[in-house]
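A.B. asks: Take a look at the letters that make up each chain.
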Amino acid sequence: MATTVPPRPATREEIAILARNAGLDLPPDLFEELVQAYGNVEPMLMRLRRGRDRADEPAQVFDPRKFMPRED
Amino acid sequence: MGTPLHELTIAEAGRRFRARTLSPVELTQAYLARIAALDSTLNSFITLTPERALDEARAAERLFAQGIDTGPMQGIPYGLKDIYDTAGLLTTAHSKLLETHVPTQDSAVQARLRAGGGVLLGKQATWEFAMGGPSLDLPWPPARNPWDLSRSPMGSSSGAGAAIAAGLCPAATGSDTGGSIRMPASVCGIAGLKPTYGLVSRYGVQPNSYSFDHCGPMAWTVEDCALMLTVMAGYDPRDPGSLDLPPEDYAAGLSAPVAGLRIGVVRHWYEDELEAAPAVIAAMDASIATFRRLGCTVSEVRLPSLRTFTDSKMPLTAAEIFTLHEHDLRTRPRVFGRSMRFRILAGALLRADDYVQAMRARAELTAITFAVMKNVDILLTAGSAQPAPELLPDEPPTFFGAKTPSLTAQFNLTGQPALAVCNGFDAAGLPLGMQLAGRPGEDALVLRLGHAFERATQFRHRRPEIDVSAQAVAAQ
Chain F
1 MATTVPPRPA
11 TREEIAILAR
21 NAGLDLPPDL
31 FEELVQAYGN
41 VEPMLMRLRR
51 GRDRADEPAQ
61 VFDPRKFMPR
71 ED
Chain R
1001 MGTPLHELTI
1011 AEAGRRFRAR
1021 TLSPVELTQA
1031 YLARIAALDS
1041 TLNSFITLTP
1051 ERALDEARAA
1061 ERLFAQGIDT
1071 GPMQGIPYGL
1081 KDIYDTAGLL
1091 TTAHSKLLET
1101 HVPTQDSAVQ
1111 ARLRAGGGVL
1121 LGKQATWEFA
1131 MGGPSLDLPW
1141 PPARNPWDLS
1151 RSPMGSSSGA
1161 GAAIAAGLCP
1171 AATGSDTGGS
1181 IRMPASVCGI
1191 AGLKPTYGLV
1201 SRYGVQPNSY
1211 SFDHCGPMAW
1221 TVEDCALMLT
1231 VMAGYDPRDP
1241 GSLDLPPEDY
1251 AAGLSAPVAG
1261 LRIGVVRHWY
1271 EDELEAAPAV
1281 IAAMDASIAT
1291 FRRLGCTVSE
1301 VRLPSLRTFT
1311 DSKMPLTAAE
1321 IFTLHEHDLR
1331 TRPRVFGRSM
1341 RFRILAGALL
1351 RADDYVQAMR
1361 ARAELTAITF
1371 AVMKNVDILL
1381 TAGSAQPAPE
1391 LLPDEPPTFF
1401 GAKTPSLTAQ
1411 FNLTGQPALA
1421 VCNGFDAAGL
1431 PLGMQLAGRP
1441 GEDALVLRLG
1451 HAFERATQFR
1461 HRRPEIDVSA
1471 QAVAAQ
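In the order they appear, the protein sequences are chains F and R. For the first sequence, our numbering assigns the number 72 to the last residue and increments by one with no breaks. For the second sequence, our numbering assigns the number 1476 to the last residue and increments by one with no breaks.
In short, the hints are calculated from the structure, not lab data. Among the hints, a few may not be true.
[Stated by the list, open to error] Derived Cβ-Cβ restraints for the label pairs, each shown as a range:
| no. | chain 1 | residue 1 | chain 2 | residue 2 | range |
| --- | --- | --- | --- | --- | --- |
| 1 | R | Arg1302 | F | Pro7 | 24 to 34 Å |
| 2 | R | Ala1286 | F | Pro43 | 29 to 39 Å |
| 3 | R | Gly1441 | F | Arg50 | 30 to 40 Å |
| 4 | F | Phe67 | R | Arg1334 | 21 to 31 Å |
[Unchecked claim] Mimicking EDC-like on lysine to aspartate or glutamate, the simulated pairs with C-alpha atoms at most 16 Å apart in a straight line are:
| no. | chain 1 | residue 1 | chain 2 | residue 2 |
| --- | --- | --- | --- | --- |
| 5 | R | Lys1403 | R | Glu1275 |
| 6 | R | Lys1096 | R | Asp1137 |
| 7 | F | Lys66 | R | Asp1137 |
| 8 | F | Lys66 | R | Asp1239 |
| 9 | R | Lys1096 | R | Glu1442 |
| 10 | R | Lys1374 | R | Asp1328 |
Just so you know, even glycine gets a beta-carbon here, dropped at the ideal spot from N, CA and C.
With the sequences and hints as input, model every part of the structure.
C.D. replies: Right, dumping it as structure tokens:
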């Protein structure tokens, strides 16, 4: 039976992996800034992860007409 | 004694131009002199363009003499937030990264204001890329609030708010990604409109977050915002979010009656969730009484919590702004100010599903808000829970919405028009503001209600005593 891993704050090691995946190679003092900064947004991300109806679509809508060449 | 030239509204200056009792050159000279006298204290401008301004004022004067009228901005001096591109003129975003950046093209808004006969006084201070600050580690100092020079005009359209309140320009452009027009307008005691998303082109404006960025007018009065919006708004295929709507004169119906309009007060946002200052709550109660006297129907409504809106908005902003700056963050992160860097770094760590979940929340919150607005025409809430804060650098740096949810960003999430209007002063004489938010596309209605409020109250007659306080600071 599948289980859900309860959300918990990322460890410094996990943040380092996420940063590396994002292409960031930060010196120690800026890595500290990143850890602090992520600590501010992470609780928001955790609160966003909740059960939703599969039909709940995101707010952005792809409109192919916007990509037609302009007349001029 | 008549009204000093620097206190003329756009509407009044326009009437005098057309009656030939005032020259655009005379008005421009008055503002340039006032800027020269006061802005070394206020720091509201980054770049001044006095010669160009006088040339443009003379050109406007010639048009009036020839009987040519290009609209309400003809001959009106204005400032541009320094994220709006100006061809051949420094555009810095208040950042070391763009310290010598000179665009080759005008932003769409600047092109419209220029074609409309406006007189560009210069480029105005912001927070770095309309995001990080206030900061002391940038090439230019942060702007100060003319009502109390030890306080912040907030941001990020900080130069615009400070300059208009101080009478250094009658009109300015702002941008609003989470409240950057409405917060400075509220704490500087002026008017500022975040129009419906897509009404004013973002083309040629340094982006902050693509899906939240709004360009809009800031001025001393709501009427002046309406006059500016008439020139600034318009479909632009170069902006993917631009709305293809017919041109509208936003000042035309301003004086129509407001009796019968239904106003929904979102009291729990400022009173329960943010514990607003007693003066803010008193000003809101007095404003509600004013709207009732004007014949509006006022009732309280409940919407999702500010925390819920902020939780959706800030991860989206973090992700979008990181994609804008990721190359510089990877290659030269120390060129950013510390506050800016702190506010954009975390976006690197967001996953795709974080973004999608936040967008799903955005859809849900927007639908709930508009469902409530089936029964009310306008939402009313405070513009800021507190008067202007002390001007202190963002040190240690903070992340928007982490400690306290935003009182303005919910209307960036929904994209609906939201107007900040001065609705009183606290015991120390600091201005207070409220927000009026309408349905998408109903910008004219929001402006009409704000204009009616200003005409029914006396708050537009009070100005900061900047001359005295500037001298005091200079003497320190």
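A.B. asks: Could you run down the list of hints and mark each one as holding or not?
C.D. replies: Verification of the hints:
1. Hint check: R/Arg1302 to F/Pro7, Cβ distance near 28 Å, so the stated range 24 to 34 Å holds.
2. Taking 29 to 39 Å as the suggested C-beta distance range, the pair R/Ala1286 and F/Pro43 conforms, at roughly 37 Å.
3. The hint said 30 to 40 Å for the Cβ distance between R/Gly1441 and F/Arg50, and at roughly 32 Å that hint holds.
4. Checking the proposed 21 to 31 Å range against F/Phe67 and R/Arg1334 shows it is violated: the Cβ atoms sit about 38 Å from each other.
5. Under the criterion of a C-alpha separation no larger than 16 Å, the hint pairing R/Lys1403 with R/Glu1275 is consistent with the structure, at around 14 Å.
6. With a C-alpha separation of about 9 Å, the suggested pairing of R/Lys1096 with R/Asp1137 holds against the 16 Å cut-off.
7. Under the criterion of a C-alpha separation no larger than 16 Å, the hint pairing F/Lys66 with R/Asp1137 is inconsistent with the structure, at around 40 Å.
8. Restraint check for F/Lys66 and R/Asp1239: the C-alpha separation of about 10 Å stays at or below 16 Å, so the hint holds.
9. Restraint check: the Cα-Cα separation between R/Lys1096 and R/Glu1442 comes to about 39 Å, which exceeds 16 Å; the hinted pair is violated.
10. Distance check on the hinted pair: R/Lys1374 and R/Asp1328 sit about 45 Å apart at the alpha-carbon level, beyond 16 Å; violated.
Checked against the numbered hints given earlier, the structure breaks hints 4, 7, 9 and 10 and satisfies all the rest.
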